[in-house]
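Trainee: Line order of the protein sequences matches chains S and L.
Counting along the first sequence from 1, when you hit position 29 you're at 14 in this note's numbering, and nothing is skipped either side.
Counting along the second sequence from 1, when you hit position 49 you're at 58 in this note's numbering, and nothing is skipped either side.
Simulated from the structure, these hints should not be mistaken for lab results.
Mixed in with the good hints there might be a few duds.
Taking beta-carbon pairs under 10 Å as the criterion, some of the chain L residues facing chain S (in silico) [unchecked claim]:
hint : residue
1    : 127
2    : 173
3    : 193
4    : 202
5    : 236
6    : 243
Each residue gets a CB set at the ideal place from its N, CA and C atoms; glycine is no exception.
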Amino acid sequence: MRINGVTIEDTFAEAFPMTATRLIITAADRFWALRAAESMTGFATSVIDCGCEAGIEKEISPQETPDNRPGISVLIFSVSGTQLEKQVVRRVGQCVLTCPSTSVFAGMVGEKKVALGSQLRYFGDGFQLSKVIDGRRYWRVPVMDGEFVCEESTARCSAVGGGNFLVLSETLNGALKACESAMGAMKQIPNVIMPFPGGVARSGSKVGSKYKALRASTNDAFCPTLRPVTNSLLPAGVGAALEVVIDGLTEKDVAKAMRVGINAACEVGSRHGLVAITGGNYGGKLGPFHFHLRELLQ
Amino acid sequence: MIVLTPKNVVGNYTRMSLNRITPSRLEALTVQQIEHLHIAVDEQSVPLGRWWDVSEIAGSGLRLCGDCGRCDEIGGGMEGGTLHVMGNVGEHLAHNMRSGTITVDGHAGRYACSALKGGHVEVHGDVGEFAAAALPGQSRGMRGGVFIIHGSCDRWLAARMRRGTVIAMGNVADGCASRMIAGTVVMAAAVESPLGVGMRRGTLLLLSPTPEMSERLTPGFTSAEECELSYLPLLWNGIERYLPPTVIKAVRNKRTYRSVGDRAVGGLGECIWLADSHCSYTDAQSLIS
């Protein structure tokens, strides 16, 4: 299968189950809402060592936020509800509570809860106030610029982490161009984030390592410099490979983002030496979600 | 829809309880079964059909026609559905109501919504003493839901109120929010002091305060200061739909002032005023002069 002259390899990308939540961060203006969201989702590229994967989903207009202020929607993914709650409380406490003028609200509803204001309220040292409005409880924590408003809890749901595709190009520049094009298109898709810097990882990993302490190590089969000394999976002429990683609330969301991303990458990449698109296939060892590239694009 | 109309019968009664005569309960019964339900009239258990004509018309819910001023506990135990009273109601309106909607076209007696736990109650007339307040011997008043009063409120509105929202469109008599524990009381017209005596927590939102309000507020409240409250837009979004456009227009672009109390009991309740910038609500100036 070829799109714009780019080969779509007959393989599948593996993804694994996660649990996720959405938060709405609002502030006096877009600048501060964005600063808080960027800070909160920083150092959250991979659950392997960050504790969670997080990213900005989209900007929200004042008409759509609970307090009629500019808002940012962020998605946070982790391996368990306990771990997710730990990360959410830490990140909101250190990055949103601290950011001037911000408030934070639940971005989804559901039975399974993730603590938010119920934990953070203690920062108020007894001066915190709660308020129930339309059945939702908010905590008001006095801070130096007024008050920090935080919803009691948010909900969490089952999600899919680690959806991916690999961009194989003749040159690094060509691979970057293809990825940038993919990112531009995928950012428009709701319910997904691309947690790595710019949405792209150059250090794609394989499961396991020769060193026992490591759970993952460099994906040598896709490293151009190791082509002569390893069982390389790089086609001839490929000089650089980059991996686009996607976390989504459902399998369908991840599939949609992959489809849109691959099409966008092929459209631009074909003019810049893009050779092929493949998937992170670990022989079924990584997870139960298998995204067959050719099926996605049909 | 089930319609109950008072019968023109010989004899009279002092008080009647319509506790547990709820829309969801009646809609599951036939007219004959409803007539045989027992209600308390002057502490005697009698069939409902002795005092009420029961009929059924198109639509859903329950409607009480005529004056029910001596009928207590209307809407008591409601757990959904709609109840429309086309006249006055007696005491203990919406006793232990958990959800649903009650609309009263007339006035309500004492203890209206005192034991409200959820749902939406709207009284187009006046309400008597202790509305949303704790019942005698109880430590907590209204515990949830929304209670809207279009007329005036007699004394002790929201005394010991625990949770929920009260919106008073008309004048509010003295003693409002005494020993209030939590919740929100919005007052759109004149309010008599003292206000919030012994208040622990909760919010009093005054939409039409007089410039002298701070002078007459309970002594245990702090001097009012202008402030920006991040939570106010949330509260405003929650109550805006219940307020008439004239009130909404009147408070637009007004400044927010806040006073905390009752500090005499260590309370952290708040009284918030929306007022024009030229109004001075702090006593700082008077201290200087």
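Trainee: Among all the numbered hints in the text so far, which are the ones the structure does not match?
Mentor: The structure breaks only hint 4.
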